[in-house]
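S.K.: Okay, here's what each chain looks like letter by letter:
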Amino acid sequence: MTTSRSSSANVARRHGVDRLVTLAVHAAVLVAAIPLLLLVYYVTAKGVRMISVEFLTDSLPLSARRKSGGIGPAIIGTLLCTALAAAMAIPLGVLGAIYLNEYGKTSRTASVLRFLANVLAGVPSIVMGLFVYAAFVLRFDGQGRIAFAGALALACLMLPIIIRSGEEMLRLVPNNLREASMALGASQSRTILTVVLPAALPGITSGAMIAVARAAGETAPVLFTIGYATKANWNPFSGPNTTLAQFIFGNAGQPFPAAVDRAWGAAFTLIVLVLALTLGSRILAARFSSR
Amino acid sequence: MTRVSSRSGQAGRVRVRAGAGDRSFRLVAVLAGGVVLVILALIVLSTTNQAWPAFRHMGLRFFTSSRWAPPDNEFGALSFIYGTAVVSVLALVLAVPVSLGLAVHQSVFAPPKARAAAIYTIDLLAAVPSVVWGLWGFLVLRAPMQDFYQKVSDVLSPVPLVGRLFEGPVSGLSFATAGTILALMITPIITSLSREVMDTVPVAQKEAAWALGCTRWEMIRGAIWPYSKGGIIGAVVLGLGRAMGETIAVALVIGSSGQVTARLFAAGDALPSQIANQFNESEGLFRSALIALGVTLFAFTILVNLGARAVITRSTQHAHGAAR
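Line by line, the protein sequences give chains D and V. Going by the numbering used here, the letters in the first sequence line up with residues 1 to 291, in that order. Going by the numbering used here, the letters in the second sequence line up with residues 292 to 615, in that order.
Since the hints were derived computationally from the structure, they do not count as laboratory data. Glycine included, each C-beta is placed from N, C-alpha and C at the ideal position. Mixed in with the good hints there might be a few duds.
Some chain V residues judged to face chain D by a derived CB distance under 7 angstroms, without partners named [to be verified]:
1) GLN341
2) HIS396
3) VAL422
4) THR506
5) PHE570
Simulated crosslink set (DMTMM-like; lysine to aspartate or glutamate; CA at most 20 angstroms straight-line) [stated by the list, open to error]:
6) D:LYS67 with D:ASP261
7) V:LYS497 with D:ASP18
8) V:LYS404 with V:GLU487
9) D:LYS105 with V:ASP313
My request is simple: use the sequences and hints to build the entire structure.
M.R.: This is the structure in structure tokens:
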């Protein structure tokens, strides 16, 4: 046994260590919060003063040196690519999730697909860009750099995220809903479409919005696949296009103040878009889990 | 009490009697899942196919030479592989302590409201696009970082051995800046995965620790850490995979000058940033070599990710075994 004096020293030491750890943990929160606040501050401070109706709608400047010009075509390109990617990846991803959770479950095929979805989730975004360049753009002899090609790359990026979150959400649907539906004589496909899917919908939507937000901000997959356009191009299947992220990347390194200002303005626009999607998905998810 | 056997039996029996519509819906779902396989196969085939001329031209020297000279058709990727390794490891060294601190804070320290707010903030941090981090790093962080490096270099470079890491001349765009930005970008993923693992520690274990009169730190060390060790290691390795593949932010702040050097404050280059910066100005064998860099990167990240998954699967099985 220790003497009472050394045991009280021991207690003091233990509490000292505990206080140190508490301090370290709170320091970590501060260390993580400061860069985020700085980033938001700079993007807002430098970006907001650029925002005007002309800036958001005008064509891109023909020369980076010029003061005039906006980011209209890049906004259109971002929305076009992201929407098209979502239109491809969301139905496929949700169907894949339905297979994994409702049909495949613990079967061999399902485990393999689950594993492959994880592998796909780990593929770097730039490799997705190279892949679509090699497998799609090259086939069209100089005409392949279109918004649709960028959308393909973004869809490959979104697909595993949607499958994984979709499966999680389907798993949360209580089994007695399925059993009740089947007891009423509904087939399994009808049960899934009319009972399970509606119950999981808010959660699935939230996961899909996270994926869309991530895709909207991606640069690497579109860098080699959609080309560059200074005028708005609403046709995703013909002619080059531009996205906000790509525009920021191209202008960040320019030596001209006007180009840098436009990059900040575009960054602010992009961040507002992405954060709105993320917050929206959080609100949906919160509503889902509180039910 | 009657208990309905939940998953297995019932669904199985219905499936036997499935009608044509049911079968075709199932088929559509399987095919949708199969798209993942098709995409992965196409990624491997099409990129390797395009990269082949460069691999054949360079042979093994592609991985062992650090001379990258497109005009001479010399493509040695070593300096980019080295750069990717350096910035990823640096990012981990910086991000892991902070992420674990955040995860512990959210899982143990924070009251429910603060916890929710912290999780929201981490989600926002994760949502900031790579190119915006890069823009900020390039335009804002660069100058103060250079001053900071100079001071660190003045103090630390005379130290034997370790000093070599901090030798000048220093550059605001460098391995160290890229590592810092990457650390910020992978903190959210390591934090949220670690927090999820820590949240699965059974309450009984924590309460047992409290009942023994443990301090908070002793509870963390004795009850939470042994239980969630494996999952946390998996989260860290997943963060590593993310850091290795991260392109645009690194392309803006690494300084784009491929070299193998111990100096962390020197400009360097990494696999993905070299591809992003050069691809649109390349053609022929040069372009093939850039795609070969992509294939190399793909192989590395897949290995790292599979490693992480294996660790996570094993540790969750352990954890479930312990819970029962």
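S.K.: Decide, hint by hint, whether the structure agrees.
M.R.: Results of checking the hints against the structure:
1. GLN341: Nearest chain D Cβ about 4 angstroms off; hint holds.
2. HIS396: 5 angstroms, holds
3. VAL422: 5 angstroms, holds
4. THR506: Constraint on V:THR506 satisfied, holds at 4 angstroms.
5. PHE570: 5 angstroms, holds
6. D:LYS67 with D:ASP261: 9 angstroms, holds
7. V:LYS497 with D:ASP18: 16 angstroms, holds
8. V:LYS404 with V:GLU487: Distance of about 17 angstroms is within 20 angstroms: holds.
9. D:LYS105 with V:ASP313: It holds: about 17 angstroms lies between the C-alpha atoms, which stays within 20 angstroms.
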